[in-house]
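**Q** Keeping the supplied structure of chain A fixed, place chain B upon it in accordance with the hints.
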Amino acid sequence: MNSPLDAVALFQIGPVPITQAILTTWGIMAVLLLGAFALTRRLTLTPGRRQAALELIVTTMDTQIRETTGAEPAPYRGFIGTLFLFILVANWSSLIPGLDPPTAQLETDAALAVLVFLSVIWFGVQGGGVAGYLRSFASPNVVMIPLNMLESVTRVFSMFVRLFGNVMSGVFVIGIVASLAGLLVPIPLMALDLLTGLVQAYIFAVLAMVFISATVEDGTPKSQKET
Amino acid sequence: MDYLPLASIVCAAFAVAFGAIGPALAEGRAVAAAMDAIARQPEAANTISRTLFVGLAMIETTAIYCLVIALLLLFANPLLG
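Chains as they are written, first to last, in UniProt numbering: chain A, 1 to 227; chain B, 1 to 81.
In isolation and in its complexed conformation, chain B is listed as follows:
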């Protein structure tokens, strides 16, 4: 029996599942810190939210990498030929 497709599917699911944990926690912390900063200094809200969005997109990228790996495993798996 050929285990490679099975392993690929399981690994793709695991990649997305565990890859999403870190960025989720990190984004939560980032948003919380930004909220705190805006509450302290409402006049700086523009700069803070701009930096926040850029930072969030950066953090999100790690999750996106996992997604790309998962899609590679599912659709363009080099091992399956």
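Looking at chain A on its own, in the form it has when it is part of the complex:
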């Protein structure tokens, strides 16, 4: 059985080995990009069927962001929404026969986690300035600075191991069952995988949102908080 931890290169472009996960990732990116582009060309004030569905998606995300953190969703909608949609489509791409979800590779998840790590810094600096971002480490008090610094790395690490472990274990179990029992037996497991994929995408997005809003909140001076 192949190790789930290393990827097999399909071919090489110059010095860069191209794996199946890279191809799938770029495919998903193209689909999302073209889909978003095509669906938002003709937006009208009275929505048609397509636009109503789009608006439903966006408002659902907005409600989730507001409910989980209490922050105004506008600045975060783009990043969190894209994160959620990408991971969701990536997790569900295993439905296409012959494709493994790119999130079952450690590298994809690590890249997503690095994005979250950087975005926490970005939004933290935007929300409270550089001083505000640095101040967020000293919350609730100065003694916590080393722990907070450690936490900012470990929480992102645990996030990507969580996503990787969940998706990879699903793929792995289906592989084992399919090799033992034949064609139709893994179908209930695949259905369970769909649920796991959805929940994991949701959790990844919500956790990213919670980290960002916590940093922004800790960074704002107390005098501004009350107004």
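These aren't lab readings, by the way, just hints derived from the structure by calculation.
Just so you know, even glycine gets a beta-carbon here, dropped at the ideal spot from N, CA and C.
Do not take every clue at face value.
[Unchecked claim] Covered stretches of chain A, as calculated for chain B (at least 3 residues, CB under 8 Å): (1) 4-17; (2) 124-136; (3) 202-213.
[Said to hold, decoys possible] Far from chain B by the CB rule (all over 12 Å, computed), these chain A residues: (4) 33; (5) 54; (6) 67; (7) 106; (8) 152; (9) 172; (10) 173; (11) 199.
**A** Chain B alone, transformed into the frame defined by chain A:
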């Protein structure tokens, strides 16, 4: 005789076996509490089940960590070179 591969395999099995106990108990308690809450307040079922799913996935993560460790031991063991 080289004991490292043997020890790795045994440890991988133990990691998954014992790592699954805690999350299993915890998930049982979480689901039971959620059932109780839904029975008391059926109108809050949506919020409760959403929080339940997130919580379950969080709890499950501890078991997943054990699985990742086990797979590391089996497939990418740094000690075996």
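**Q** Taking 8 Å as the Cβ threshold, is the statement that the stretch 124-136 of chain A is covered by chain B upheld or broken by the three-residue rule?
**A** violated (count 0)
**Q** Determine whether the non-interface label on residue 106(A) survives the test: each CB of chain B must be over 12 Å from its CB.
**A** violated, 9 Å
**Q** Confirm or reject: residue 199(A) is not an interface residue toward chain B, with every Cβ-Cβ distance exceeding 12 Å.
**A** violated, 5 Å
**Q** Going by Cβ atoms, does residue 152(A) stay more than 12 Å from chain B at every point?
**A** holds, 19 Å
**Q** Run the C-beta distances from residue 54(A) to all of chain B and say if the shortest one exceeds 12 Å.
**A** holds, 22 Å
**Q** Was residue 33(A) rightly flagged as not at the interface, with every chain B Cβ beyond 12 Å?
**A** Its Cβ never comes within 12 Å of chain B, the nearest being 28 Å, so this holds.
**Q** Is the coverage entry for the stretch 202-213 of chain A by chain B consistent with the three-residue Cβ rule at 8 Å?
**A** holds (count 3)
**Q** Would the non-interface assignment of residue 67(A) survive a Cβ cutoff of 12 Å against chain B?
**A** At about 9 Å from chain B, residue 67(A) fails to clear the 12 Å cut-off, so the statement is violated.
**Q** For residue 173(A), is the shortest CB-to-CB distance to chain B above 12 Å, so the non-interface label stands?
**A** violated, 10 Å
**Q** Residue 172(A) clear of chain B by more than 12 Å, beta carbon to beta carbon?
**A** violated, 8 Å
**Q** Three residues minimum, CB to CB under 8 Å: does the stretch 4-17 of chain A make the cut for coverage by chain B? Let me know.
**A** holds (count 3)
Against the hints set out earlier in the document, violations occur for numbers 2, 6, 7, 9, 10 and 11.
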